[in-house]
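Engineer: What follows is the residue order along each chain.
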Amino acid sequence: MMRVLDYEIPDKLYYSKEHEWVSLEGREAIVGITDYAQKQLHEIVYAEVQKEGSEVKQFQTMGTVESVKSVSDVFSPVTGKITKVNKELSDSPELLNQDPYGKGWLARISLTDFKKDMEKLLTADQYADHIKTTET
Amino acid sequence: MSKVQRVTHLYQFHKQNAKIVEFAGFQMPIWYKGIIPEHMAVRTHVGIFDITHMGRVFITGARSEVFLNHVITNDVSVLTPLSAQYSVMCNENGGIKDDFVTSRLEQEKFLMVYNAANREKDYQWLVQNAKTFNVKVEDVSDNIAMFAVQGPNAQPALQKIADADLSKIERFKCGWTKLAGVDGFVSRTGYTGEDGFEVFVWNTPLSQPENAVKVWNAILKAGEEFGIEPCGLGARDTLRLEAGMCLYGNDIDETITPLEAGLGFVVKLKKDSFIGKDALTKQKTEGIRKKRIGLRMLEKGPNPRPKQEVWKDSQKIGYVTSGTFSPLLECGIAMAYVGIEHATEGETVMVKVREDKLLKAEIVKFPLYDPTKYGYARQK
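Same order as they appear, the protein sequences are chains A and B. By numbering that gives the first Met the number 0, the letter at position 136 of the first sequence is numbered 135, and the numbering carries on one by one without gaps. By numbering that gives the first Met the number 0, the letter at position 117 of the second sequence is numbered 116, and the numbering carries on one by one without gaps.
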């Protein structure tokens, strides 16, 4: 686990520049929003991901998260089909703030071509650099 | 127009403790701990807001009462010295130029406090209309710091540093008092629905912020035992929305009349004449066609947001002007304008929260919280 500025960045995940993370599990990926993203949004009061069975494309909208004051799109970091969404978020959207890499996961996606997705994703080190540039 | 980012006397405090946003040209705190805990602190204990960004003018002269009654819709002749009153001023069409609070400081001296976003516009409008009245309109915004201390514990917290007996100052009354040894002025007014005070620190230009900082810190310290939290503009917005108070630029503007906005109580059509009177008299006679209402979402889902459409029976009947998640009610709430024939409390309507999603909402009266449990009129 890396810590950059005030933000946690687990080593083994892949990241998008839009602050989503990907955890690879065989042919599926678990995706969510990063610690940086949840800290920027703060106090998440609503989260919604497209229905199970939906096809999602890399970097296209897969859902929205709302804080008290704002609404933000969540972009899928990978291409594939949503096999499972985290239903706990509907009653407890604050899990996204409390545990963004754990209980606050958004969806499981069965991957179409992760090798291709990976070309446009960042490693933890690269993401850390990305955060540093964004913050300064 | 060049955009100069302005700050208040408390900028260092805000920068160290809050997330900062730009609002009406000012660098202001949006939250310190978070909108939800700050909101709840005000509803259950007490919170303090820096509202120095607001506009303030003195209006002085023998004819200041006559002038004000010409330019605003409410009647200031009923104000005794050290009383305050909510009002709007309108253009000739009856559209709202701004909403504000006027306090009568002396028989021939008034203080108007209006929206930060309208500082230039309001000042110009007042000066322009004052020409034939021989009154002095003086913008004192930059010389005064202003804080709101709001919540059920506002009085005991503030009393600890005030030499005047604050229990003697009733709602919409004002008084002079030293605060932590500094000359101050307080009015029992606010923008949260709660009991509380708006605190003015005179003669403290930005170049000499010491007195403003001293009073702010003293209130925070005095309020510690009462659960005080510094609060940002985020909680200020959610609190006023629950209370049913309008935000200029969202819920009211120059295309909306006070009658449509449900602010008929500040329009005194019996006054001789005032700007917008003819248009408002005509509208009152003919009847309004749309009206501001409160909404409480009945279904879980995205929260209502400004500009979303309101539907009923497959027809568009209006639009949302303010919408948020309510920290107290823990559901979406909104203000909207709907056709007068639909503006009935208890009716169910739909809010188009997304292109493909309509959610049920109930038309409810303001305030949106239970006034026996929260707000200035709560049962103790």
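Hints are computed from structural coordinates only; laboratory data are not their basis. Take the hints with a grain of salt, since some may be wrong.
To give a feel for the contact side, a few chain B residues facing chain A, derived at Cβ under 10 Å [claimed, not checked]:
{"id": "1", "residue": "Ala23"}
{"id": "2", "residue": "Gln26"}
{"id": "3", "residue": "Pro36"}
{"id": "4", "residue": "Ser76"}
{"id": "5", "residue": "Pro204"}
{"id": "6", "residue": "Leu205"}
{"id": "7", "residue": "Pro208"}
{"id": "8", "residue": "Gly233"}
{"id": "9", "residue": "Arg239"}
{"id": "10", "residue": "Arg295"}
The calculated lysine-lysine pairs, modelled on DSS-like cross-linking and capped at a C-alpha distance of 30 Å, are [as the list claims (entries may be wrong)]:
{"id": "11", "chain 1": "B", "residue 1": "Lys299", "chain 2": "A", "residue 2": "Lys102"}
{"id": "12", "chain 1": "A", "residue 1": "Lys86", "chain 2": "B", "residue 2": "Lys299"}
{"id": "13", "chain 1": "A", "residue 1": "Lys86", "chain 2": "B", "residue 2": "Lys351"}
{"id": "14", "chain 1": "B", "residue 1": "Lys299", "chain 2": "A", "residue 2": "Lys56"}
{"id": "15", "chain 1": "B", "residue 1": "Lys359", "chain 2": "A", "residue 2": "Lys86"}
{"id": "16", "chain 1": "A", "residue 1": "Lys38", "chain 2": "B", "residue 2": "Lys351"}
{"id": "17", "chain 1": "B", "residue 1": "Lys213", "chain 2": "A", "residue 2": "Lys86"}
{"id": "18", "chain 1": "A", "residue 1": "Lys16", "chain 2": "B", "residue 2": "Lys14"}
{"id": "19", "chain 1": "B", "residue 1": "Lys356", "chain 2": "A", "residue 2": "Lys38"}
{"id": "20", "chain 1": "B", "residue 1": "Lys14", "chain 2": "A", "residue 2": "Lys50"}
{"id": "21", "chain 1": "B", "residue 1": "Lys120", "chain 2": "B", "residue 2": "Lys351"}
{"id": "22", "chain 1": "A", "residue 1": "Lys83", "chain 2": "B", "residue 2": "Lys267"}
{"id": "23", "chain 1": "A", "residue 1": "Lys38", "chain 2": "B", "residue 2": "Lys267"}
{"id": "24", "chain 1": "B", "residue 1": "Lys315", "chain 2": "A", "residue 2": "Lys16"}
{"id": "25", "chain 1": "B", "residue 1": "Lys159", "chain 2": "A", "residue 2": "Lys16"}
{"id": "26", "chain 1": "A", "residue 1": "Lys102", "chain 2": "B", "residue 2": "Lys18"}
{"id": "27", "chain 1": "B", "residue 1": "Lys172", "chain 2": "A", "residue 2": "Lys38"}
{"id": "28", "chain 1": "B", "residue 1": "Lys18", "chain 2": "A", "residue 2": "Lys131"}
{"id": "29", "chain 1": "A", "residue 1": "Lys102", "chain 2": "B", "residue 2": "Lys356"}
{"id": "30", "chain 1": "B", "residue 1": "Lys315", "chain 2": "A", "residue 2": "Lys50"}
{"id": "31", "chain 1": "B", "residue 1": "Lys14", "chain 2": "A", "residue 2": "Lys131"}
{"id": "32", "chain 1": "A", "residue 1": "Lys50", "chain 2": "B", "residue 2": "Lys290"}
{"id": "33", "chain 1": "B", "residue 1": "Lys299", "chain 2": "A", "residue 2": "Lys50"}
{"id": "34", "chain 1": "B", "residue 1": "Lys351", "chain 2": "A", "residue 2": "Lys50"}
{"id": "35", "chain 1": "A", "residue 1": "Lys50", "chain 2": "B", "residue 2": "Lys267"}
{"id": "36", "chain 1": "A", "residue 1": "Lys38", "chain 2": "B", "residue 2": "Lys315"}
{"id": "37", "chain 1": "A", "residue 1": "Lys83", "chain 2": "B", "residue 2": "Lys120"}
{"id": "38", "chain 1": "B", "residue 1": "Lys356", "chain 2": "A", "residue 2": "Lys80"}
{"id": "39", "chain 1": "B", "residue 1": "Lys359", "chain 2": "A", "residue 2": "Lys50"}
{"id": "40", "chain 1": "B", "residue 1": "Lys14", "chain 2": "A", "residue 2": "Lys38"}
This one's a predicted model, so the numbers in the text were calculated from it and none came from an experiment. Here a beta-carbon is modelled for each residue, glycine too, at the ideal position from N, C-alpha and C.
Engineer: Confirm or reject each hint.
Structural biologist: So, going through the hints one by one against the coordinates:
Because the smallest distance between the Cβ of B:Ala23 and any Cβ of chain A comes to about 16 Å, over 10 Å, the interface hint for this residue is violated. Below 10 Å, beta-carbon pairs count as interface contacts, and B:Gln26 has none with chain A, the closest being about 17 Å; its hint is therefore violated. This hint holds: B:Pro36 has a C-beta 9 Å from the nearest C-beta of chain A, less than the 10 Å allowed. For B:Ser76, the interface hint is violated, since its Cβ never comes within 10 Å of a Cβ in chain A; the closest pair sits about 41 Å apart.
The beta carbon of B:Pro204 comes no nearer than 32 Å to any beta carbon in chain A, farther than 10 Å, and the hint placing it at the interface is violated. Hint status for B:Leu205 relative to chain A: violated, with the closest Cβ pair at about 27 Å, above 10 Å. Taken as an interface hint, B:Pro208 does not check out: its beta carbon lies about 28 Å from the nearest beta carbon of chain A, beyond 10 Å. A hinted interface residue such as B:Gly233 counts as satisfied when its beta carbon comes closer than 10 Å to some beta carbon of chain A; here the least separation is about 6 Å, so the hint holds.
With a least beta-carbon distance of about 13 Å to chain A, the hint placing B:Arg239 at the interface is violated under the 10 Å criterion. Using the Cβ-Cβ criterion of 10 Å, the hint placing B:Arg295 at the interface with chain A is not satisfied: the shortest such distance is roughly 15 Å. The straight-line distance between the Cα atoms of B:Lys299 and A:Lys102 is roughly 21 Å, inside the 30 Å bound, and the hint therefore holds. As the CA atoms of A:Lys86 and B:Lys299 are separated by approximately 13 Å, the hinted pair is consistent with the 30 Å bound.
Simply put, A:Lys86 and B:Lys351 have alpha-carbon atoms about 23 Å apart, close enough for the 30 Å limit, and the pair holds. Proposed proximity of B:Lys299 and A:Lys56 is supported: the alpha carbons are some 27 Å apart, at most 30 Å. A threshold of 30 Å between alpha carbons decides the hint, and for B:Lys359 with A:Lys86 the separation of about 22 Å falls inside it, so the pair holds. A distance of roughly 28 Å separates the Cα atoms of A:Lys38 and B:Lys351; the hinted pair therefore holds under the 30 Å criterion.
A distance of roughly 49 Å separates the Cα atoms of B:Lys213 and A:Lys86; the hinted pair therefore is violated under the 30 Å criterion. Proximity of A:Lys16 to B:Lys14 is assessed by CA-CA distance (about 27 Å); at most 30 Å being required, the pair is judged to hold. A C-alpha spacing of about 28 Å is found between B:Lys356 and A:Lys38, which places the hinted pair at or below 30 Å, so the restraint holds. Restraint check for B:Lys14 and A:Lys50: the C-alpha separation of about 41 Å exceeds 30 Å, so the hint is violated.
Note on B:Lys120 and B:Lys351: the hinted pairing is violated, with a Cα-Cα distance of about 34 Å set against a maximum of 30 Å. Of the supplied pair hints, the one linking A:Lys83 and B:Lys267 is violated, its CA atoms being roughly 60 Å apart against a limit of 30 Å. For the proposed pair A:Lys38 and B:Lys267, the alpha carbon gap of about 49 Å is over 30 Å, so the pair is violated. As the CA atoms of B:Lys315 and A:Lys16 are separated by approximately 39 Å, the hinted pair breaks the 30 Å bound.
A hinted pair counts as satisfied when its Cα atoms are at most 30 Å apart, and B:Lys159 with A:Lys16 does not qualify at roughly 51 Å. At most 30 Å may separate the alpha-carbon atoms for a hinted pair to count; A:Lys102 and B:Lys18 meet this at roughly 26 Å. In summary, the hint linking B:Lys172 to A:Lys38 is not supported, as the alpha carbons are separated by about 42 Å, beyond the 30 Å threshold. Between the alpha carbons of B:Lys18 and A:Lys131 the distance comes to roughly 18 Å, so the proposed pair stays at or under 30 Å and holds.
At most 30 Å may separate the alpha-carbon atoms for a hinted pair to count; A:Lys102 and B:Lys356 meet this at roughly 27 Å. Distance hint between B:Lys315 and A:Lys50 is fulfilled; the C-alpha atoms sit about 28 Å from each other, no more than 30 Å. Of the supplied pair hints, the one linking B:Lys14 and A:Lys131 holds, its CA atoms being roughly 20 Å apart against a limit of 30 Å. Under the criterion of a C-alpha separation no larger than 30 Å, the hint pairing A:Lys50 with B:Lys290 is inconsistent with the structure, at around 37 Å.
The hinted pair formed by B:Lys299 and A:Lys50 meets the criterion: a straight-line CA distance of about 16 Å does not exceed 30 Å. The hinted pair formed by B:Lys351 and A:Lys50 meets the criterion: a straight-line CA distance of about 19 Å does not exceed 30 Å. At most 30 Å may separate the alpha-carbon atoms for a hinted pair to count; A:Lys50 and B:Lys267 exceed this at roughly 55 Å. At roughly 37 Å between alpha-carbon atoms, A:Lys38 and B:Lys315 are farther apart than 30 Å, so this suggested pair is violated.
Between A:Lys83 and B:Lys120 the alpha-carbon distance is near 54 Å, which puts this suggested pair outside the 30 Å criterion. Proposed proximity of B:Lys356 and A:Lys80 is supported: the alpha carbons are some 22 Å apart, at most 30 Å. For the hint linking B:Lys359 to A:Lys50, the alpha-carbon distance of about 21 Å falls within 30 Å, and the restraint holds. For the proposed pair B:Lys14 and A:Lys38, the alpha carbon gap of about 17 Å is at most 30 Å, so the pair holds.
In terms of the numbered hints stated before, the structure departs from hints 1, 2, 4, 5, 6, 7, 9, 10, 17, 20, 21, 22, 23, 24, 25, 27, 32, 35, 36 and 37, listed from lowest to highest.
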